[in-house]
Amino acid sequence: MSAVAKEPLLAVKGVKTYYGNIIALKGVDVNVNEGEIVTLIGANGAGKSTLMMTIFGQPRAREGQITFQGQDITKMPPHEIARLRIAQSPEGRRIFPRMTVLENLQMGASLDNLKYFDEDAEKMFTLFPRLKERLHQRGGTLSGGEQQMLAIARALMARPKLLMLDEPSLGLAPLIVKQIFEAIRNLNKTQGLTVFLVEQNAFHALKLAHRGYVMVNGVVTMSGSGRELLENPEVRAAYLEGGAH
Amino acid sequence: MTSNTTKKAGPDLGKAFKDAILAGIIAFALLGPLIGLKTDQNMDNQLVLVNNMPVALIFVALVMVGRFLLAAFIYPAIAAKGAKSKAAVSLAELEAKAKRTKRLSLGGLVFLFVYPMLILALFGVQGSIKWVDNFGVQILIYVMLGWGLNIVIGLAGLLDLGYVAFYAVGAYSYALLAINFHLSFWVLLPLAGILASFWGMILGFPVLRLRGDYLAIVTLAFGEIIRLVLINWKDFSGGSAGISSIPKVSLFGLYSFDMGATNNFAKAFHLAASSAYYKVFLYYLILLLALLTAFVTTRLRKLPIGRAWEALREDEVACRSLGINTTNTKLTAFAIGAMFGGFAGSFFAARQGFVSPESFVFMESAVIVAIVVLGGMGSMIGVALAAVAMIGGTELLRELSFLKAVFGDDFNPDQFRMLLFGLAMVVIMVWKPRGFISARQPTAFLFEKKTISGDLVKEGHG
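Chains as they are written, first to last, in the numbering used here: chain Z, 1 to 245; chain G, 1001 to 1462.
Note that these hints are calculated values from the structure, not bench results. The reader is advised that the hints may include incorrect statements.
[As the list claims (entries may be wrong)] Ranges between beta-carbon positions, derived for each pair:
hint, chain 1, residue 1, chain 2, residue 2, range
1, G, Ala1370, Z, Ser143, 34 to 44 Å
2, Z, Ser143, G, Tyr1214, 27 to 37 Å
3, G, Glu1095, Z, Thr190, 53 to 63 Å
4, G, Glu1093, Z, Thr190, 33 to 43 Å
[To be verified] The calculated DSSO-like cross-link candidates involving lysine-lysine, where the alpha carbons are at most 30 Å apart (straight line), are:
hint, chain 1, residue 1, chain 2, residue 2
5, Z, Lys132, G, Lys1081
6, Z, Lys75, Z, Lys123
7, Z, Lys132, G, Lys1404
8, Z, Lys189, Z, Lys178
9, Z, Lys115, G, Lys1130
10, Z, Lys161, Z, Lys16
11, G, Lys1099, Z, Lys115
12, G, Lys1302, Z, Lys161
13, G, Lys1097, Z, Lys132
[What the hints assert, rightly or not] To give an idea of the chain Z side of the interface with chain G (calculated C-beta under 10 Å), a few residues:
hint, residue
14, Gly14
15, Tyr18
16, Ile22
17, Met53
18, Pro59
19, Arg60
20, Pro77
21, His79
22, Ile86
23, Gln88
24, Ile95
25, Glu103
26, Ala155
All C-beta atoms in this analysis are idealised placements derived from N, C-alpha and C, irrespective of residue type, glycine included.
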């Protein structure tokens, strides 16, 4: 990198995204620095997933700029963005249901053509031992939690520099959510993995993240460290009261 | 069904027998009056009752036998299958299954290679033609087409209703180039494949963004366009009269790569007296072409491109987020699928000696799609079985004259051929809604080389 340390790994500047004529993101600025866990929280329909998808090039941002490691990726097709080692676990998990767990993991490693497969798969099995038990089972027959683990593991198989997770807690039992968030924290701590986490489960997400952004109606209204946001009365009123277990 | 073990001791014959008797009584009560008694007019225009009981009894017997088989064997088998839980799959189970499939396909392969010999021995040289050509070659062409389309539909999940277009491109490529430039089949076979895959890409480009129903409609239209062009561009393709006297597959020149059955070809060449030898030669030719399709497909499934096809079928969005270029993936699926269609097409032209647009109507595409769906999308053996059932079945149904013994001499079995065939299709789809073989064979197993010591594994890693 040219600029020393200060330049964020991922920078989203003034991004506007439309669905047809309807504006979904009205100029969003988000930065993710190397080694951070950054979360984006907000209500249903705030545009969280849209931002995630826009970063990945589908839909494209109509205005603004997205850079990764200083490189402009605003107009890149999704598969080329993935090649820059941005891995995504999309909303709704989207594992391959008729393929086995092993084959799903292989798909994750397709960027390197399975060069580090055995080594990386072993790492995934330590991270999520359940996957090893289910290795030859079809993805569609896994439980929701296992599918989420598989989705994250599959994304990690690409050896990403930035891992983007879209609502990993969706529809999962609290205990499993805890397990998965614990795994994310671990990866960040031990390997310095940068994580961008989109969540509705604000309490858990803010506790996990170093920094957070709050999105309302396609605009980022607040940002700060995870703790700041957790203690912010507005955030508490909107996203946490009743939500915290 | 507590005592019902799945082993051979299982079937409760007594109960099944009772079941059959009961079904027989009901059938007799219904069919006795319905079929057994027939009203007719005699010479004096009086209404008389004709006794038709034997026919009714035949039906009753059929019902009883059917019911007995169902109760004794089929229901217990279904129950046993359902009882096995689908969730937990052990590696050993998978390996056993893979082994079973392997043995099955090996057995099938051996049978396919001795089949013409067997027929020659059984029916003599002239009598063999029907069995080798109508059944053998005809079915194998559709096996090959099914396998080719299986790449597009079964693996990549792109519903292509215009596959016959590539079959046509292959057939006309061979016909036109062989007649105008006197090139041999062995030169034109790859050329026809390349041309067809080129057309596959041409179809691929405009439909890249389409899926499901929309894709199906555009591909259907594409198939029709090719056919209409062939009909109307008379200078080029001979119009609806077609092209005749297309040269047969010659034995001059470069036929000798890895054809095992060289002697047979030579024999056919010297003994042109009977067309049976040529048919046998064609049989082996299409068998090898079909096997090439199968071999390439099974190989590709284990390579990145094959895995990408299957992933694409499952989830396009997820594919993109894993760095897979879905454009290229789709185009290669169309191109490679079309290539095998082209091979089959040029074989078809060489076999018939005549091509016309009539051979490439939408019905053909529909039959091939039906074969793939009926066989279970993605399953090679399933597709082969479906081709045997669909094509062999329609051919076999020509042999229905024995029904005359039951229904009387004025019964015309040909009229019921397609009806019976349609009925059979419906029954099969009810019985196996996801095709003959719906279980997908995984392409990768981890830890399968347990017996190799650690040091060896380490050395093996690059």
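Consistency of the hints with the structure:
1. Checked against the given bound of 34 to 44 Å, the beta carbons of Ala1370 (chain G) and Ser143 (chain Z), roughly 36 Å apart, stay inside it.
2. At roughly 34 Å, the beta-carbon separation of Ser143 (chain Z) and Tyr1214 (chain G) lies within the given 27 to 37 Å, and the hint holds.
3. A beta carbon spacing of about 35 Å between Glu1095 (chain G) and Thr190 (chain Z) contradicts the range 53 to 63 Å that was offered as a hint.
4. The supplied range of 33 to 43 Å is met by Glu1093 (chain G) and Thr190 (chain Z), whose beta-carbon atoms lie about 36 Å from each other.
5. Between Lys132 (chain Z) and Lys1081 (chain G), the direct Cα distance comes to roughly 26 Å. Compliance with the 30 Å bound is thereby established for this hinted pair.
6. Distance check on the hinted pair: Lys75 (chain Z) and Lys123 (chain Z) sit about 34 Å apart at the alpha-carbon level, beyond 30 Å; violated.
7. With a C-alpha separation of about 62 Å, the suggested pairing of Lys132 (chain Z) with Lys1404 (chain G) is violated against the 30 Å cut-off.
8. The suggested pairing of Lys189 (chain Z) with Lys178 (chain Z) holds, with an alpha-carbon distance near 16 Å, which does not exceed 30 Å.
9. Pair hint Lys115 (chain Z) plus Lys1130 (chain G) does not hold up; C-alpha atoms about 53 Å apart against a cutoff of 30 Å.
10. Our distance criterion of 30 Å between C-alpha atoms is met by Lys161 (chain Z) and Lys16 (chain Z), whose separation comes to about 25 Å.
11. Taken as a hint, the Lys1099 (chain G) and Lys115 (chain Z) pair is honoured in the structure, with Cα atoms around 28 Å apart against an allowance of 30 Å.
12. Simply put, Lys1302 (chain G) and Lys161 (chain Z) have alpha-carbon atoms about 28 Å apart, close enough for the 30 Å limit, and the pair holds.
13. Our distance criterion of 30 Å between C-alpha atoms is met by Lys1097 (chain G) and Lys132 (chain Z), whose separation comes to about 20 Å.
14. Below 10 Å, beta-carbon pairs count as interface contacts, and Gly14 (chain Z) has none with chain G, the closest being about 24 Å; its hint is therefore violated.
15. Interface hint status for Tyr18 (chain Z): violated, as the beta-carbon distance to the closest one in chain G is roughly 18 Å, over 10 Å.
16. Given the 10 Å rule on beta carbons, the hint for Ile22 (chain Z) is violated: about 20 Å separates it from the nearest Cβ of chain G.
17. For Met53 (chain Z), the interface hint holds, since its Cβ comes within 10 Å of a Cβ in chain G; the closest pair sits about 9 Å apart.
18. Hint on Pro59 (chain Z) is violated. Least Cβ distance to chain G is approximately 12 Å, over the 10 Å limit.
19. Interface hint status for Arg60 (chain Z): violated, as the beta-carbon distance to the closest one in chain G is roughly 13 Å, over 10 Å.
20. Below 10 Å, beta-carbon pairs count as interface contacts, and Pro77 (chain Z) has one with chain G at about 8 Å; its hint therefore holds.
21. With a cut of 10 Å, the hint placing His79 (chain Z) at the interface with chain G holds, because the nearest CB-to-CB distance is about 5 Å.
22. The interface hint given for Ile86 (chain Z) is met, as the beta carbon of that residue sits about 9 Å from the closest beta carbon of chain G, less than 10 Å.
23. Taken as an interface hint, Gln88 (chain Z) checks out: its beta carbon lies about 4 Å from the nearest beta carbon of chain G, inside 10 Å.
24. Annotation: interface hint on Ile95 (chain Z) holds; nearest CB of chain G at approximately 7 Å, less than 10 Å.
25. Among the interface hints, the one on Glu103 (chain Z) holds; its C-beta lies about 6 Å from the nearest C-beta in chain G, closer than the 10 Å criterion.
26. Satisfaction of the interface hint for Ala155 (chain Z) is found here, the shortest Cβ-Cβ separation to chain G being roughly 8 Å, below the 10 Å cut-off.
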